[in-house]
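Q: Both chains come to you apart, so use the hints to assemble them.
Here are the chains, one letter per residue:
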Amino acid sequence: MPSTADPSNPPVWKIDQTFPSVFGKASRLIDDVLAQMTSLGWNGRDVFAVNMALEESITNAIEHGNHCNPEKHFQVTCTVSEKLVFIRVRDEGKGFRRDLVPNPTDDENLETPSGRGTLLIQGFMTRVRYNDAGNEITMEKEPTPAS
Amino acid sequence: MSNAQTRIMSHYIDDAIVATCMDTRLNDEIGIQQWGEELYALVDRLKSKKLVINFQNVIFMSSSSLRVLITVNSRCKGKGIKLALCGINDNIMEAFKITRLDSVFKIKKGEMEAVKSL
Chain G
33 MPSTADPSNP
43 PVWKIDQTFP
53 SVFGKASRLI
63 DDVLAQMTSL
73 GWNGRDVFAV
83 NMALEESITN
93 AIEHGNHCNP
103 EKHFQVTCTV
113 SEKLVFIRVR
123 DEGKGFRRDL
133 VPNPTDDENL
143 ETPSGRGTLL
153 IQGFMTRVRY
163 NDAGNEITME
173 KEPTPAS
Chain X
12 MSNAQTRIMS
22 HYIDDAIVAT
32 CMDTRLNDEI
42 GIQQWGEELY
52 ALVDRLKSKK
62 LVINFQNVIF
72 MSSSSLRVLI
82 TVNSRCKGKG
92 IKLALCGIND
102 NIMEAFKITR
112 LDSVFKIKKG
122 EMEAVKSL
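Read top to bottom, the protein sequences are chains G and X.
By my numbering, the letter at position 34 of the first sequence is numbered 66, and the numbering carries on one by one without gaps.
By my numbering, the letter at position 97 of the second sequence is numbered 108, and the numbering carries on one by one without gaps.
Excised from the complex, chain X in its bound form (with noise of 0.2 Å):
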């Protein structure tokens, strides 16, 4: 994984904020958590009520990311802001699928129509 303070990228579409992940491997523990602590900061931080998490740069993802983006999705629901994930790979589909988290986030292809189902 890279460095601190680069796991994040962000960006606006029309009123959502667009987080794009950095890291192409979310597989240590470390790292991991670096990359929880922006997104929760950013997510504390957010003045919008639409956020998308892009993961068109991730080719893996351990179970402890997923734990991290259901923290995301709960403190999300807490200030009422709208979550939706997308540029996620076949390989890790599948791991949402086999965890049936496919079921609990909004998941789209590409990042436009992630904004516009939010």
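Chain G extracted, bound-state conformation (with noise of 0.2 Å):
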């Protein structure tokens, strides 16, 4: 359940739940997430970002992690607070190495239907990590400097 769970500056929004591996089941959680940044006074472009970088994390996790398994699960742990973002979306897989992963920019893979997701992620978050097994990614999001 959603908590206030840092009464000190700055206040920090949390969220940990887990969920079968079926597509849908995390969106009342991003709807909150998304909700919470926009009562905090995210402008909408870092909204929109998250939003991304949670829809895209989630999907990775049901159909490449645990390849669409209701029976195996997913983990999403959500701080939001004035100045940061903190997602964290774990999966059952046996994990992925970004670097083997072709590079839907380049030239000849530019028309290539698939592959853009963590590409994605990358390039709307501030900082974005995995674990070594490659079953967990973490991201965070800063505000964006108004332009």
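None of these hints come from the bench; they were simulated from the model.
From a predicted model like this one, the values you see are computed outputs, not experimental measurements.
Even for Gly, the Cβ is constructed at its ideal location relative to N, Cα and C.
Below, a sample of chain X positions facing chain G; criterion: calculated Cβ distance under 8 Å:
1. E40
2. S75
3. L77
4. I81
5. A106
6. I109
7. V115
A: Here it is in structure tokens:
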């Protein structure tokens, strides 16, 4: 359940939930995270970025990590403050090596249909890292300075 | 996303078909699959050689919807149909730039500009 985890400065909203590997099961969590960001004054561009990161990382966990097996689960942990959004998504898969995924921005891959999820996460978030096993992604977003 | 059969509304401008996406969020896998099937069917039966896809209602697109667009582009090429996109908001445009798909698709601001570009 969402909670106000840190009453000191800055206030941090936290959510930590586990879902079966079924598309749409985490929709409410995504809505809650985005609503918290909006209520804390994050701009629409950053809310969109976090929306993208959540959608893509959860899709990867379900599709590539757990192979859409509803018996397998994925865990999403998020904290939201005025200065940082932290997201961690972990699945039960064997993990992957990002360096082995073809770069979809290479000329020869530009019109290949798949493989853009991790690229979008990297592009929209401030920091992205994977655990050694490759079945857990950690993402952070800092507010984009006003232009 | 909305119900099936309402994901695309099409109309003619001159000799081009403009297909307007009716969903505001192209994010759930099943809905994207249905949206893709509608687009593929439209391309298959298209008599015109010019197609514009209008995203003026869309505020969010995931990579799965980009995948559909790449397939639509490929099918259009196979049938000799010229394709342009329009009505893409700044956030979604950023996704096109990150993935370099802005260099694959002809992207214009509005419908008329997109039609005239074909």
